[in-house]
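Q: The lines below spell out each chain.
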Amino acid sequence: MSAIPILKERQKQIYQKGRTPFEMTCEKHSLAGSVSQRACVFCGSRVVLYPISDALHLIHGPIGCAAYTWDIRGALSSGPQLHRLSFSTDLQEKEVIFGGEPKLYQALIELIDTYRPKAAFVYSTCIVGIIGDDVEAVCKKVSRERKIPVLAVHSEGFKGTKKDGYKAACDALFQLVGTGSVQDIAPAGINILGEFNIGGEAWIIKKYYERMGVQVVSVMTGDGRVDEIRKLHGAALNVVQCSGAMTFLAEMLKEKYGIPYIRVSYFGIDDMAKALYDVADHFEDDPGIKERARKLVRDEVNAIYPKLKEIRKDLSGKRAAIYVGGAFKAFSLIKALRYLGMKVILAGSQTGNKIDYEILRDMCDEGTVILDDANPLELSKYIIEKRADLFIGGVKERPMAYKLGIGFCDHNHERKIPLAGFEGMLNFAREVHTSVTSPVWQFVPFRQR
Amino acid sequence: MLLRHTTKEIKERKALMVNPAKTCQPIGAMYAALGVHACLPHSHGSQGCYAYHRSTLTRHYKEPVMAATSAFTEGASVFGGQANLLQAIDNIFTVYEPEVIAVHTTCLSETIGDDIPQIVKKAEADGKIPAGKYVFHANTPSYVGSHVTGFSNMTKAMVDYFSEKNGRKTNAINLIPGFVEPADMSEIKRMAAALGVDVIMFPDTANVLNGPLTGKFKMYPEGGVTIEQLKLTGWSTGTIALGEMASGAAAKALDAKCKVPCRVLNLPIGLHDTDIFIDTLHRMAGVNVPEEINLERGQLVDAISDWQQYLYGKRVALVGDPDQLLSLTRFLVALDMKPVYMVTGSPAGKKYAQALQGTVAEIPDQVQIKVPGDMFLLHQWIKNEPVDLIIGNTYAKYIARDEDIPLVRFGFPILDRLGHSYFSTFGYRGALRLLEKMLNALLDRKDRDSSDIEFELVM
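Protein chains in written order, with our numbering: chain G, 1 to 449; chain R, 1 to 459.
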């Protein structure tokens, strides 16, 4: 493998533990011309809000933004399925010249009259920011006329990174908070933030908390409902998963309603157990909660442990590369992979910050490569050099891993089974095992020599 | 009932697209550019655009899809994207080392009015384009046309930038395949080779987006038309463009620029349109049709005759791209089926709608055609009067499930099944495959729905 050129500007976004001094640069806008794996502001807003299934999601822009995000993320709903349809104002040249406000107004009225949603989210796309439609004004007008909240999401694609899209989504959500009754909320009530119910994960987590005797007031936003958002200020604690997406909302709730928050991860045995204990600690006035949490963890771990042990036999010593959206997820993955006896040889994220990368550095073994906003050449270079057996990433990384002749696990939109919680850990182990030990890899040319 | 929110009552919608049967221009431009050898498509716009295009193409092809972006910021959106594109060109040639960069615009860069040729000229003057390497571009505003328009524009750009004329002629025929699968492009080349015709196909994504597992990651796979070949298109004897909407513009531009006469045909899907393709190709190249091709045709007709009783009178709903719909509808009519509902999301024009109407003129049932329309409307039609079969991309599976109607996947994107990358639906063999897929869908349904008494072994 010949050395690939790495741009001078990018050298500080790549770090090898023990080899180079740690001066990681991150939270930078991607370089023009880079084949980055990142997305845009709109993408961030869309993935956060989309699981709210009794709300209307209208995308104001040319057709593409709606077409590419039509039901691509398996955020399951136990009730309405309105979020799985694709609504767009399909802006044409005429509207780009003369403005899209009348079309937006008409589209909203048609949709609201047909579907009677509980609320409507209107996503601004790049072009809307350029032609200067007053989306806020149209939303207010429709809201007055149809008596439902109509919320503008300021998600013009070019106005930052995916993280800014999370923030725009949180801003929209926050407008709903505080408009519902909090009468029926118990003292030990929490909100689950940053859990999107991919593959039904929110249902698993929710059940754990309920078994502990903690009331889940709302899940933001997995299997979400508008009425739950309205009353989420009645909870005593916000439990935030996914570092990037929902911390903004947690901060706002803390400031306005004085609700404290904790950061957790539901991935892997240690982190899952810690999440439950941390919540129990918060409600220490009721020692029963902690007791039930302990029993729950014991029961759940006992149920999966023998099976995990079996799987570990095959995976022990195998090497994994991780490239995910938020760095927080990478922490959990490293721990979970270690639990399976695997070694992490590359860890990277699209949007990690300085502190994230410091934690990563401290967690990783000597020689592990740490990457911020990597491109495919860099990823493939290190996967080959470090002889990875597994790649964990998202949709764009999967075929690359396969081309290199190694296993893959999607820990992003396209996971089809729940990977969160204790049972999720077993699912994860099985998925990794299936992929890494697949007989297909023996047919890869370099293994046949 | 996933689409329980679909109303049976049809109201005219003026401002709203629900469940689109199209997407935006840039993805078509990116796909076309991937059909040039060692070309890196470049999206001049926000980072999200190209991330979505790459993801969608990756889901459809299950292959790595490489492209770069100008990664617009707020500053670029106010002051123009020139600095971004200049930096991008420099970075791309330094790090990713393609032979050629194909720039396409987005709604954002179109609206702020970036002048791509001027920026490329500046890059050239600044020495950012290494000797023997190229940058070319197409304007692909997302708010005009559809993904098919984007493909057409990028394909035409190949002619505008590269086709040369020097007075000499070669025996080669140019083939413009349309926005079709890599497998279809291979099939066209196979048929041409069987006729002994020397061809230049552009774009050509065969062995780019359906490549083998090698244990290596290649930014630029083996396939794709080379710039040398693109230059030579101006010397060819003639051009056959398949599909008016996707390929017509490039063929006409080549005629105007280099005086290479062209014929614009329907896509060679089904019996008639393959006949016309073979006939045109052999006349243009002055060769005979070999026995091999005649045999394939004979086998197709034989198979149709064997199974016609199961095809007769079957009502079919179709959603897809304009060029595909036209040939497909014609094939269904030849099979004695009844294509009754047709929707394309692309604004293909009145003339196109009339041509489509013409293919079903003999159908006794009430036929509904909407150009441009969306899948929501198609579903409403089906709710009002059902069909026996749906043909469409993966998104049609919601309708198929809710209404309990068999679905044959055809078109873009297909996100949930294997096949389209490897097995063509073009030519007589492709028609045989389509026939097989439709029959299997219909007969599986018949087996499923038959009572114990009616259940038949032999069909």
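Derived from the structure by calculation, the hints contain no laboratory data.
Treat the numbers as computed from the prediction; the structure is a model and nothing was measured.
Ideal Cβ placement from N, Cα and C applies to all residues, glycine included.
One thing to keep in mind: the hints can contain errors.
Dumping the calculated DSS-like pairs for lysine-lysine here, alpha-carbon to alpha-carbon at most 30 angstroms [unchecked claim]: (1) G:Lys12 / R:Lys218; (2) G:Lys386 / R:Lys218; (3) R:Lys350 / G:Lys12; (4) G:Lys313 / G:Lys335.
Only some residues are given here: those of chain G computed to face chain R with a beta carbon under 10 angstroms [what the hints assert, rightly or not]: (5) His29; (6) Lys94; (7) Gly99; (8) Pro102; (9) Thr114; (10) Lys290; (11) Ile359; (12) Met363; (13) Ser380; (14) Lys396.
Q: Checking against the hints above, which ones are violated?
A: 3, 7, 10, 11 and 12
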